[in-house]
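If you read the sequences in order, they're chains S and Z.
To convert, take the position in the first sequence, counting from 1, and add 1; that gives this note's numbering.
To convert, take the position in the second sequence, counting from 1, and add 82; that gives this note's numbering.
Among the hints, a few may not be true.
[Unchecked claim] Straight line, CA to CA, 27 Å or less: simulated DSSO-like cross-link-like pairs of lysine-lysine:
no., chain 1, residue 1, chain 2, residue 2
1, S, K112, Z, K515
2, S, K153, Z, K180
3, S, K107, Z, K515
4, Z, K518, S, K125
5, S, K172, Z, K266
Hints were generated in silico from the structure; no laboratory data involved.
A quick note: this is a predicted structure, and the numbers were derived from the prediction, not measured.
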Amino acid sequence: MTEIKFSEESLALAQRIISRYPEGKQKSALLPLLHLAQTEFDGWLSEDTMNYVASLLNIKPIEVYEVATFYTMYNMKPVGKCLIEVCRTGPCWLRGADDIVEHLEKKLGIKDGETTADGMFTLKTVECLGSCGTAPMLQCGADYYEDLTNEKVDTMLDKLRASDKRSSYLKSNRQEI
Amino acid sequence: MGKKLLLEHINVPGINTFDVYRKHGGYASVEKALKKMTPDEVTEEVKKSGLRGRGGAGFPAGMKWSFLDRKSDKPRYLVCNADESEPGTFKDRYLMEKIPHLLIEGMITSSYALGTKTSYIYVRGEYMYIIAILERAIEEAKAKGFLGKNILGTDYSLELYVQPGGGAYICGEETALLESLEGKRGNPRLKPPFPAVAGLYGCPTVVNNVETIATVVPIVNNGGDEYAKIGIGKSTGTKLISAGGHINKPGVYEIELGVPVEEFIYSDEYCGGIWKGRQFKACVPGGSSVPILPADLMLKTAKGEARLMTYESLADGGFATGTMLGSGGFIVMDETACVVRNLWTFERFYHHESCGQCSPCREGTGWMEKVLHRIEHGHGHMEDIDLLVDVAKKIEGNTICPLGDAAAWPVASAIRHFREEFEYHVKYPEKVKNPKHFEIEPFRSEKNLVVA
Numbered sequence: 002m003t004e005i006k007f008s009e010e011s012l013a014l015a016q017r018i019i020s021r022y023p024e025g026k027q028k029s030a031l032l033p034l035l036h037l038a039q040t041e042f043d044g045w046l047s048e049d050t051m052n053y054v055a056s057l058l059n060i061k062p063i064e065v066y067e068v069a070t071f072y073t074m075y076n077m078k079p080v081g082k083c084l085i086e087v088c089r090t091g092p093c094w095l096r097g098a099d100d101i102v103e104h105l106e107k108k109l110g111i112k113d114g115e116t117t118a119d120g121m122f123t124l125k126t127v128e129c130l131g132s133c134g135t136a137p138m139l140q141c142g143a144d145y146y147e148d149l150t151n152e153k154v155d156t157m158l159d160k161l162r163a164s165d166k167r168s169s170y171l172k173s174n175r176q177e178i
Numbered sequence: 083m084g085k086k087l088l089l090e091h092i093n094v095p096g097i098n099t100f101d102v103y104r105k106h107g108g109y110a111s112v113e114k115a116l117k118k119m120t121p122d123e124v125t126e127e128v129k130k131s132g133l134r135g136r137g138g139a140g141f142p143a144g145m146k147w148s149f150l151d152r153k154s155d156k157p158r159y160l161v162c163n164a165d166e167s168e169p170g171t172f173k174d175r176y177l178m179e180k181i182p183h184l185l186i187e188g189m190i191t192s193s194y195a196l197g198t199k200t201s202y203i204y205v206r207g208e209y210m211y212i213i214a215i216l217e218r219a220i221e222e223a224k225a226k227g228f229l230g231k232n233i234l235g236t237d238y239s240l241e242l243y244v245q246p247g248g249g250a251y252i253c254g255e256e257t258a259l260l261e262s263l264e265g266k267r268g269n270p271r272l273k274p275p276f277p278a279v280a281g282l283y284g285c286p287t288v289v290n291n292v293e294t295i296a297t298v299v300p301i302v303n304n305g306g307d308e309y310a311k312i313g314i315g316k317s318t319g320t321k322l323i324s325a326g327g328h329i330n331k332p333g334v335y336e337i338e339l340g341v342p343v344e345e346f347i348y349s350d351e352y353c354g355g356i357w358k359g360r361q362f363k364a365c366v367p368g369g370s371s372v373p374i375l376p377a378d379l380m381l382k383t384a385k386g387e388a389r390l391m392t393y394e395s396l397a398d399g400g401f402a403t404g405t406m407l408g409s410g411g412f413i414v415m416d417e418t419a420c421v422v423r424n425l426w427t428f429e430r431f432y433h434h435e436s437c438g439q440c441s442p443c444r445e446g447t448g449w450m451e452k453v454l455h456r457i458e459h460g461h462g463h464m465e466d467i468d469l470l471v472d473v474a475k476k477i478e479g480n481t482i483c484p485l486g487d488a489a490a491w492p493v494a495s496a497i498r499h500f501r502e503e504f505e506y507h508v509k510y511p512e513k514v515k516n517p518k519h520f521e522i523e524p525f526r527s528e529k530n531l532v533v534a
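Whenever a hint applies, use it, and build me the whole structure from the sequences.
Here it is, written out as structure tokens:
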């Protein structure tokens, strides 16, 4: 197993983030650092990753675990290369979110919460993403895909597969659809 | 056309950059406040404006500012609540994405009024791309001398940082937001003490919504009295409405408070009417937490007066026949929408988002979701309807934060106004097993439909 350690660039960014808070309040950097760690270490937070973040902030590992498990954006187990999160709350449902989920399930051959056999896509339904005026919509990493139709979803999937990049909330990999 | 104070220049190409924003009068409020006004004078203008918190609660912003403990020798903080997560609401995202400098300008002017040296903007984690936009704007403002040490050559210095959340609706509650900003789970705190006395790191703190902060800009530029001339009564000024659901033109609209609901829904200036030529069935006008109203009560109060887009008019009739302006997340439903299914999605949302601290909310939201699921999927019993009312009643008022109320009100109001539709689900389980049941055959109840 490779050692969990930020790249020099990420470590410098982590230090900059920590400096935003008053002295002794470095724990405030926990959420941003977890995002950074998730991006750097394959899209999820292993125990080793969380322990590493704890060591950077000089806090106890339990303080990291309790936070990481509270917030839905942190993945507690490995996910596919592209995490597809489809909003399904009321306003999106009114404009056809269920149809988009059904289409994605059929197209990818998986159910909500599952990952394709090739490890390319994980499908997840989520609650309101604040994009009700452009519903139905989904999020893949940093990118919102809005006003969706089945055709747009197909184009997006094809292009994401071709780009072969891991989705990250911190780095856009927007595909024209 | 109503007056536009926030979105006037929204479509100007390049308005997201400092130079174009500045050319259109941007950062004038910072110059005016820092060079010509004392912090207390700025606060006074905000008080005079009658501006009410735009996040949903509608508490007078100037009063909230005046509660800040100015005698404490601890540092003070201003935290902008950009954790916009109330289903139906997307106005803050629109504002931050299109005209980020308006928020940055509002943060500088407001921070000066409150005497903070460091301020934070807490943005919901899913809006990560917005954070990049805001950070770019902050850098630009800093390079031009509007942020950092000795702003515009004055004694006032300010650092402004953007903080991402992790995907938790509850962090929109101000004390949960502060916990989260401290690197903890988003569990709301018991109040008092209020953040104005003991907020971030136990220091005096003001937490304001994005739109509230942005509105400080025109208030300082034009004066609080001028702002208060817009609107009706205690609903002063303009408000951003996120319009979604079954309408022809979903989007963010800045309205002068006082526009009739009917005009807002049917006019081409705003929603452009119900889509697909269908009939208007129901509306949740202030984000998922506020009571749902059937079309007739949405357009006219129980007294028969035209319902207006104001805090007071929308609340007219109390919870029996009224609702709330809330966050301005305006969700419209046409005749094919199933009130039960919509409510089930809302309760699934609240169950998912409950922080788990208080038993009535943690358990109750789950029970309501389950009972609604079985009614909607054709497995309900008649007793389930009153069971839902009972559970909602037991959550309401019995939790540390308002999430409990927010989960209870939609249930109580949906059953109050659409009981027949719940009964239909129990009586005709085979029909409702098709998830698109009302698209096949809309549920007809004379009371709930307005013929266009």
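Now the hints, each set against the structure:
no. : hint              : verdict
1   : S:K112 <-> Z:K515 : 20 Å, holds
2   : S:K153 <-> Z:K180 : 24 Å, holds
3   : S:K107 <-> Z:K515 : 21 Å, holds
4   : Z:K518 <-> S:K125 : 22 Å, holds
5   : S:K172 <-> Z:K266 : 25 Å, holds
In summary, this structure violates none of the numbered hints.
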